[in-house]
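Chemist: Read top to bottom, the protein sequences are chains A and B.
Counting with our numbering, you get residues 1 to 230 for the letters of the first sequence.
Counting with our numbering, you get residues 1 to 264 for the letters of the second sequence.
Worth flagging that the hints you see were computed from the coordinates, not collected in a lab.
Nothing here was measured: the structure is a model prediction, and the numbers come from that model.
Just so you know, even glycine gets a beta-carbon here, dropped at the ideal spot from N, CA and C.
It is possible that part of the hints are untrue.
As the list claims (entries may be wrong) - What the simulated footprint calls covered on chain A by chain B, stretch by stretch (three residues with Cβ under 8 Å from a Cβ of chain B suffice, anywhere in the stretch; the number is not a length): (1) 1-7; (2) 24-37; (3) 47-60; (4) 199-208.
Unchecked claim - Every beta carbon over 10 Å from chain B, so not counted as near; a handful from chain A, in silico: (5) Y14; (6) H16; (7) P18; (8) V20; (9) D126; (10) V154; (11) E168; (12) E175.
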Amino acid sequence: MPLALELEQVSFAYGHGPPVLRDVELPVDRGEFVAIAGPNGGGKTTLLRLVLGLEEPTAGRVRLFVRRLAYLPQRAQSGVDAPVTARELVAAGRAPRARLLGPLGRADRDAVRDAIDRVGLAPHADRRLSTLSGGQQQRAFIAKALAAEPELLVLDEPTTGVDVEAQEAIAALLERLQHELEMTILYVSHEFGAVERFVERIVLVQGAIAFDGSPSDLPGLWHDPSHAHA
Amino acid sequence: MLDLEFMRLAFGAGIVVGLLAPAVGFFLVQRRLSLIGDGIGHVAFAGVALGYLLDLPLVLTALAVSVVGALSIETLRARRRTAGDQALALVFYTGIAGGVVLVSAAGALNVNLFQFLFGSILTVTRSDLAVIAGLGAGALALIALLYRPLVAVVVDEEGARVAGLPVALLNALTAALAAVTIALSMRVVGILLIAALMVLPVIAAGRVAWSMRSTVFLSMGIGLASVLAGITTAYYANLPPGGTTVLVAAATVLAAEPIAALRR
Chain A
1 MPLALELEQV SFAYGHGPPV LRDVELPVDR GEFVAIAGPN GGGKTTLLRL
51 VLGLEEPTAG RVRLFVRRLA YLPQRAQSGV DAPVTARELV AAGRAPRARL
101 LGPLGRADRD AVRDAIDRVG LAPHADRRLS TLSGGQQQRA FIAKALAAEP
151 ELLVLDEPTT GVDVEAQEAI AALLERLQHE LEMTILYVSH EFGAVERFVE
201 RIVLVQGAIA FDGSPSDLPG LWHDPSHAHA
Chain B
1 MLDLEFMRLA FGAGIVVGLL APAVGFFLVQ RRLSLIGDGI GHVAFAGVAL
51 GYLLDLPLVL TALAVSVVGA LSIETLRARR RTAGDQALAL VFYTGIAGGV
101 VLVSAAGALN VNLFQFLFGS ILTVTRSDLA VIAGLGAGAL ALIALLYRPL
151 VAVVVDEEGA RVAGLPVALL NALTAALAAV TIALSMRVVG ILLIAALMVL
201 PVIAAGRVAW SMRSTVFLSM GIGLASVLAG ITTAYYANLP PGGTTVLVAA
251 ATVLAAEPIA ALRR
């Protein structure tokens, strides 16, 4: 399987502070669903930001072999005070793929509708986000990411603040999307109970990569410290 | 009232500014940059002063200086060497201090600067209106063309950057549009009050709207109604048009509050 991305001997520190990550080696194949776990402050989010080009490594290099990226940050919420409908949010995600000037074309509108359908939000597409449940809002943000038809989808704690039922539903949705759309997914979360059975590979980050393999090979560390329901 | 040419010109300029200021203000408010209009307004004052000193067209000089000031704020903010409010403060105070020094150097402290500080819509000339209408229509057309990517940036700036949108260019364009709006609005509500016309209609619209798009259109409607009601009230009650217009806009925010409370 060709690579989607590769981190080669990557180290990183904020300013003149202590290193957050040291000598990270991380190849990820196209179409892989990789879970990233670790304690708070262990460098999980920093790792994602390096992959996305939002931070530059202080040593080593990050190589991306895919072009279309989508990012669902921690506690994703609309950055605007004005009321936003789910459809408007998803359409905003399509902007990078559409032409810069003028309204969305038919193909772009179809892509927005398809993304909304895939996450099961069609009946609520024209409702304001603030009137949707936490799980539905997360689905809207996932649809926003899907609207750009990404090759690499990066999610940072996508189920924070969402009830257990919604966590399972989102994990199942991501697994289905990964197979249907052949996306590469990087998924950071403390709440691994829901996603555990869907991922083939877990990477434990604690300043460096402490473990990289199948979840079944990590029974002890799996629930401690990264899974809140241990 | 409309028999008088100066009133027709005032309404013409007011219509353009009433529509444009909230349309640009929408993107500033959503990016938590509501006060940037004040900062750029003070830079515009320095532009007016420079115009006096060099005997240049005042509105165009203010326009050029405002664009430079707005892009400076955006550059400082984007590079994160300076926090957004500190960048604003730097440009804000440099603008007003530079304006005072330049006006003094031009020997123009006795000039009727009040017309720029508080607006003088009743002195708008035909050539003023041509400039305001031309640049205003161009700015509105640009917003309409770039509405989607501008919205994508305000909804999720980091996500838009990751996905490949030219975020820095779009933010610079928003800052430049704010500068153009302020330079065009100086005669309508004045440098000290222009930010209000960019922000208050957007706040009022956000209380009652049901989507982003409806917020934009409602805020433009509220801006237009505020200007028309403000000028009309000022004419019959012999009040300053700029201040009256802003008070009307502020009243719409208060009027929208009970509606927002009912929706919660």
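Chemist: Which of the listed hints are not met by the structure?
Modeler: 1, 2, 4, 9, 10
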